[in-house]
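S.K.: Chain residues, written in single-letter form:
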Amino acid sequence: MSTIDDGIQEHAHSYHHGGPSAGKEDHGPWKHIIGFVISLLFTALALWMVVAHIAHASMLFAVILALAIAQAFVQLFFFMHISESHAPQWPFHVWMLTLGLLFTITVIVGSIWIMSFGTESY
Amino acid sequence: MAMADSFVKSQGSQSVPLEYTHEEDALRIFGFWIFLATDLLLFASLFATYSVLYRHVGHGPGPLQIFDITGFSAETFILLTSSFTCGLATYSMHRGQKAAMMAWMIVTILLGVSFISLELSEFASDIARGATLQTSAFLSAFFTLVGTHGAHVSFGIVWMTLILIQLAIHGLTPTTARKAFIVSLYWHFLDVVWIFIFTIVYLLGVMS
Numbered sequence: 606m607s608t609i610d611d612g613i614q615e616h617a618h619s620y621h622h623g624g625p626s627a628g629k630e631d632h633g634p635w636k637h638i639i640g641f642v643i644s645l646l647f648t649a650l651a652l653w654m655v656v657a658h659i660a661h662a663s664m665l666f667a668v669i670l671a672l673a674i675a676q677a678f679v680q681l682f683f684f685m686h687i688s689e690s691h692a693p694q695w696p697f698h699v700w701m702l703t704l705g706l707l708f709t710i711t712v713i714v715g716s717i718w719i720m721s722f723g724t725e726s727y
Numbered sequence: 083m084a085m086a087d088s089f090v091k092s093q094g095s096q097s098v099p100l101e102y103t104h105e106e107d108a109l110r111i112f113g114f115w116i117f118l119a120t121d122l123l124l125f126a127s128l129f130a131t132y133s134v135l136y137r138h139v140g141h142g143p144g145p146l147q148i149f150d151i152t153g154f155s156a157e158t159f160i161l162l163t164s165s166f167t168c169g170l171a172t173y174s175m176h177r178g179q180k181a182a183m184m185a186w187m188i189v190t191i192l193l194g195v196s197f198i199s200l201e202l203s204e205f206a207s208d209i210a211r212g213a214t215l216q217t218s219a220f221l222s223a224f225f226t227l228v229g230t231h232g233a234h235v236s237f238g239i240v241w242m243t244l245i246l247i248q249l250a251i252h253g254l255t256p257t258t259a260r261k262a263f264i265v266s267l268y269w270h271f272l273d274v275v276w277i278f279i280f281t282i283v284y285l286l287g288v289m290s
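Top line first, the protein sequences correspond to chains A and B. If you're matching positions, the first sequence starts at 606 in my numbering and goes up one per residue. If you're matching positions, the second sequence starts at 83 in my numbering and goes up one per residue.
Extracted from the complex, chain A is given alone in its bound form (with noise of 0.2 Å):
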């Protein structure tokens, strides 16, 4: 093991003095730093439309969802590496997270939209 760990230290050394296989990649995490600040961006928009009541309720709330979602996808890519193709099995999960997610909204959507009949009564 302590062969493939020097292996890489080795590489990762004579990659960082600029062989020939340094290049446009080696300028830092950008990949994560542009989700992280798209993270925030979104959250704190999403926080100052509501504290600052700049729609109506149900309009408010549709769009604060649209933010949260496209968070999830701003995860699942930037720091999840979903994409990235080096399992056998790939894309299989995606299908799985698909279909997982298939069956969250049929549970909430459905779960409201039963519940909501004559349930205020109670």
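I should point out that these hints are in silico values taken from the structure, not numbers from a laboratory. Be careful, since some hints might not be right.
Below, a sample of chain B positions facing chain A; criterion: calculated Cβ distance under 10 Å [to be verified]:
#1 105
#2 115
#3 118
#4 133
#5 146
#6 148
#7 173
#8 174
#9 240
#10 266
#11 286
#12 288
Simulated restraints on C-beta separations [what the hints assert, rightly or not]:
#13 237(B) x 649(A): 41 to 51 Å
#14 147(B) x 658(A): 41 to 51 Å
#15 105(B) x 710(A): 27 to 37 Å
#16 688(A) x 209(B): 15 to 25 Å
#17 251(B) x 656(A): 41 to 51 Å
#18 116(B) x 715(A): 19 to 29 Å
#19 696(A) x 212(B): 22 to 32 Å
#20 678(A) x 153(B): 25 to 35 Å
#21 650(A) x 147(B): 18 to 28 Å
#22 153(B) x 662(A): 18 to 28 Å
#23 674(A) x 124(B): 18 to 28 Å
#24 653(A) x 251(B): 41 to 51 Å
#25 671(A) x 113(B): 26 to 36 Å
#26 206(B) x 696(A): 39 to 49 Å
Pulled from the structure, derived: some chain B residues nowhere near chain A, Cβ distances all over 10 Å [claimed, not checked]:
#27 122
#28 150
#29 215
#30 222
#31 229
#32 234
Glycine included, each C-beta is placed from N, C-alpha and C at the ideal position.
Given the structure of chain A, go ahead and fit chain B onto it with the hints provided.
M.R.: Same frame as chain A, now just chain B:
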């Protein structure tokens, strides 16, 4: 993608990140994605319960009375930042920088601990104001949903600490890289769940 490319180049003959070098590790990462899909269903059920019950406050306090905007905003920004630092740990791992990776993991753990501390003090002040799990349907749903997420984060803190110890002992190997990658997936997933708690529970709560 740029990151994957950079790794390919920095690794020379190896064409995949360390955590994917053995087929078994790649399979375990795939298996963890399946777990995340099922964990999503657990939260789906709790979100559905909350959505149905959040107006049923009974004689207890409603969302407006117990939600503190400064408090839940601080929790949100702390967890967002921890997801970012966790991403930086993965980034450092892909470059073979073990020390930087471990440092970012420690920052992530500390942010996780401060998130949990804030959440516990929030729960304690709710209970002090007579808002307990037994008070109303709204509060039962609220504490179950937010508490389940908090339990996940607490578990994540312990888990990440154990991976950190393994990294210190065994170094950066395909096995420890796979373990660290999986715990990072778990951590980012919890951030995604929190974004929806922030929006659907807290923001919707202070809106009405």
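S.K.: So, for every hint listed, does it hold in this structure?
M.R.: Do the hints match the structure? See the list:
Hint status for residue 105(B) relative to chain A: holds, with the closest Cβ pair at about 7 Å, below 10 Å. Residue-level restraint check for residue 115(B) holds (minimum Cβ-Cβ distance to chain A is 4 Å; threshold 10 Å). Taking 10 Å as the C-beta contact cut-off toward chain A, the hint placing residue 118(B) at the interface holds, the least distance being around 7 Å. For residue 133(B), the interface hint holds, since its Cβ comes within 10 Å of a Cβ in chain A; the closest pair sits about 5 Å apart.
With a cut of 10 Å, the hint placing residue 146(B) at the interface with chain A is violated, because the nearest CB-to-CB distance is about 12 Å. With a cut of 10 Å, the hint placing residue 148(B) at the interface with chain A is violated, because the nearest CB-to-CB distance is about 16 Å. The beta carbon of residue 173(B) comes within 4 Å of a beta carbon in chain A, closer than 10 Å, and the hint placing it at the interface holds. Evaluation of the residue 174(B) hint against chain A yields a held restraint, the C-beta minimum of about 8 Å falling below 10 Å.
Violation of the interface hint for residue 240(B) is found here, the shortest Cβ-Cβ separation to chain A being roughly 21 Å, above the 10 Å cut-off. The interface hint given for residue 266(B) holds, since its Cβ lies 8 Å from the closest Cβ of chain A, which is under the 10 Å cut-off. A distance limit of 10 Å between C-beta atoms decides the matter here; for residue 286(B) the minimum to chain A is near 6 Å, and the interface restraint holds. For residue 288(B), the shortest C-beta to C-beta distance to chain A is roughly 6 Å, which falls under 10 Å, so the interface hint holds.
For residue 237(B) and residue 649(A), the hinted distance range of 41 to 51 Å is not satisfied, since their beta carbons lie about 29 Å from each other. For the pair residue 147(B) and residue 658(A), the beta carbons lie near 18 Å from each other, so the given range of 41 to 51 Å is not met. The supplied range of 27 to 37 Å is met by residue 105(B) and residue 710(A), whose beta-carbon atoms lie about 34 Å from each other. Our hint of 15 to 25 Å for residue 688(A) and residue 209(B) is violated, since their Cβ atoms are close to 44 Å apart.
In this structure the hint that residue 251(B) and residue 656(A) lie 41 to 51 Å apart at CB holds, the actual value being about 48 Å. Residue 116(B) and residue 715(A) have their C-beta atoms about 23 Å apart, which keeps the hinted 19 to 29 Å range intact. Range check, residue 696(A) to residue 212(B): Cβ separation about 50 Å, and the 22 to 32 Å hint is violated. Hint check: residue 678(A) to residue 153(B), Cβ distance near 27 Å, so the stated range 25 to 35 Å holds.
Our hint of 18 to 28 Å for residue 650(A) and residue 147(B) holds, since their Cβ atoms are close to 26 Å apart. Checked against the hint of 18 to 28 Å, the C-beta distance between residue 153(B) and residue 662(A) comes to roughly 22 Å, which is consistent with it. Remark: the range hint 18 to 28 Å for residue 674(A) to residue 124(B) is upheld by a beta-carbon distance near 19 Å. As the Cβ distance of residue 653(A) to residue 251(B) is approximately 46 Å, the hint placing it in 41 to 51 Å holds.
A hinted range of 26 to 36 Å for the beta carbons of residue 671(A) and residue 113(B) is consistent with their spacing of about 32 Å. For the hinted restraint 39 to 49 Å between residue 206(B) and residue 696(A), the CB-CB distance of approximately 44 Å keeps it satisfied. Annotated as non-interface, residue 122(B) brings its C-beta within 10 Å of a C-beta of chain A; the closest such distance is 4 Å. With a minimum CB-CB distance of about 13 Å to chain A, residue 150(B) clears the 10 Å threshold, and the non-interface call stands.
Against the 10 Å criterion, residue 215(B) stays outside the reach of chain A, whose nearest CB is about 20 Å from its own CB. A cut-off of 10 Å between C-beta atoms confirms that residue 222(B) is not in contact with chain A; the least separation is 15 Å. Interface exclusion of residue 229(B) from chain A stands, the closest Cβ pair being 19 Å apart, more than 10 Å. The claim that residue 234(B) lies off the interface holds: its Cβ sits roughly 15 Å from the closest Cβ of chain A, which is beyond the 10 Å cut-off.
Of the numbered hints listed earlier, those contradicted by the structure are 5, 6, 9, 13, 14, 16, 19, 27.
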